[in-house]
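K.L.:
Could you put together the complete structure from these sequences and hints?
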Amino acid sequence: MSQVEMVARTRVVVPGPPSEAFRLFTEGIGTWWKRGTQFWVDPERGRAMRFESRPGGRLIEVYDERNGEGLELGRITAWEPPHHLALTWRIPTWPDHEVSDIDVRFVVVEQGTEVTVLHDFTRAPSAPTRSRIYGDGWKVLLDLLAAHARA
Amino acid sequence: MPDKLDRTFGILADATRREIVMMLARRPHRAAELFERFRMTQPAVSRHLRLLRQSGLVDVRAEPDDQRAREYALRPEALRPVERWLEEVTTFWKAQLDSFARYVEGRQRPGERPRRPRHR
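Taken in sequence, the protein lines are chains A and B.
In terms of the working numbering, the first sequence has 149 at position 149, counting the first letter as 1, and numbering is strictly consecutive.
In terms of the working numbering, the second sequence has 71 at position 71, counting the first letter as 1, and numbering is strictly consecutive.
Hints in this document: simulated from the structure, not taken from any laboratory.
The beta carbon of each residue, even a glycine, is placed where N, CA and C say it ideally should be.
It cannot be assumed that every hint is accurate.
[Stated by the list, open to error] Non-contacting residues of chain A with respect to chain B, defined by C-beta distances greater than 12 Å in every case (computed):
#1 Gly16
#2 Phe25
#3 Thr31
#4 Trp33
#5 Lys34
#6 Ser53
#7 Gly56
#8 Val62
#9 Asn67
#10 Glu69
#11 Leu71
#12 Arg75
#13 Glu98
#14 Ala124
[To be verified] If you anchor each label on the Cβ, the simulated ranges turn out as follows:
#15 Pro82(A) / Val60(B): 47 to 55 Å
#16 Arg35(A) / Gln67(B): 33 to 41 Å
#17 Ser53(A) / Ser46(B): 46 to 54 Å
P.N.:
Here is the structure:
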């Protein structure tokens, strides 16, 4: 029987050295974070994403552009430029003790910098049922259950 | 008396049952491990497990006399929705990293040929 590792991984190569990629990833997140409604907890109020660029700093979905405050989505657990950034991530509908872990690595490659994002939900078992932000995957499980019930 | 369909959706409305499903998604667990994990009585945990078995999500793989040694596993078809959910998370981050790559390329010095980002 196969098991599922509760981790999603993806990567991209960008031009330039890791130090530049790390800087643009963190300082520029207000610009590059996508605008579609599925990428925001509150798409109507969300103005920008913002990192507090230090260990223990927050990742904020900004609602008030005057003071940069809004919803705390995450806390930086590793601030290690140029190669490593890690943070916890949770959304308000999850139970209080549940967080996911995001790990971002910046590695030199021939074409520039390879940026790898690893998102680990081992500590957030409720996430599939509480995450509109990722779509309706859990609905598939409900459909499975319903089919079993009708059988 | 709630009909069978109502009861089925109720299966996943409970946080403990969702967590059991996630634990079993990683690997099978013995009953003793599940009893230890949750701050509730053994009969309460057993009731959750019974509901999960009735729902078709969970199987008992080994059933020795000692109830605590009974081994619970997620049925393979129940894993696929979890896998599909993780695929959606991957799609989310692929889209974000694609946007990040375009942002980085847009900030390259004029005259420097931008490189195509490579996704894996």
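K.L.:
Confirm or reject each hint.
P.N.:
Evaluated hints:
1. Residue-level check failed: Gly16(A) sits 6 Å from the nearest beta carbon of chain B, not beyond 12 Å.
2. Remark: the non-interface label on Phe25(A) conflicts with the geometry, its nearest Cβ contact in chain B lying 6 Å away (cut-off 12 Å).
3. Annotated as non-interface, Thr31(A) brings its C-beta within 12 Å of a C-beta of chain B; the closest such distance is 6 Å.
4. A beta-carbon of chain B comes within 12 Å of the beta-carbon of Trp33(A); the shortest separation is about 7 Å.
5. The beta carbon of Lys34(A) is not kept farther than 12 Å from every beta carbon of chain B, the shortest such distance being approximately 5 Å.
6. With a cut of 12 Å on Cβ distances, Ser53(A) stays outside the contact zone with chain B, its closest approach being about 16 Å.
7. Chain B leaves Gly56(A) outside its interface by the beta-carbon criterion, the shortest separation being 23 Å against a cut-off of 12 Å.
8. The beta carbon of Val62(A) is kept farther than 12 Å from every beta carbon of chain B, the shortest such distance being approximately 17 Å.
9. No beta-carbon of chain B comes within 12 Å of the beta-carbon of Asn67(A); the shortest separation is about 25 Å.
10. Listed as outside the interface, Glu69(A) is consistent with that label: its C-beta sits roughly 22 Å from the nearest C-beta of chain B, beyond the 12 Å cut-off.
11. Look at Leu71(A): its CB is around 17 Å from the nearest CB on chain B, clear of 12 Å, so calling it non-interface holds up.
12. Residue placement check: Arg75(A) keeps its beta carbon more than 12 Å from all beta carbons of chain B (closest about 19 Å).
13. Against the 12 Å criterion, Glu98(A) falls within the reach of chain B, whose nearest CB is about 9 Å from its own CB.
14. Residue placement check: Ala124(A) does not keep its beta carbon more than 12 Å from all beta carbons of chain B (closest about 9 Å).
15. In this structure the supplied range 47 to 55 Å holds for Pro82(A) paired with Val60(B), their Cβ-Cβ distance being about 51 Å.
16. The given range of 33 to 41 Å is broken by Arg35(A) and Gln67(B), whose C-beta atoms sit roughly 53 Å from each other.
17. Evaluation of the 46 to 54 Å hint for Ser53(A) and Ser46(B) yields a pass: the beta carbon distance comes to about 49 Å.
Violation of the numbered hints given earlier is confined to hints 1, 2, 3, 4, 5, 13, 14 and 16; the remaining hints are satisfied by the structure.
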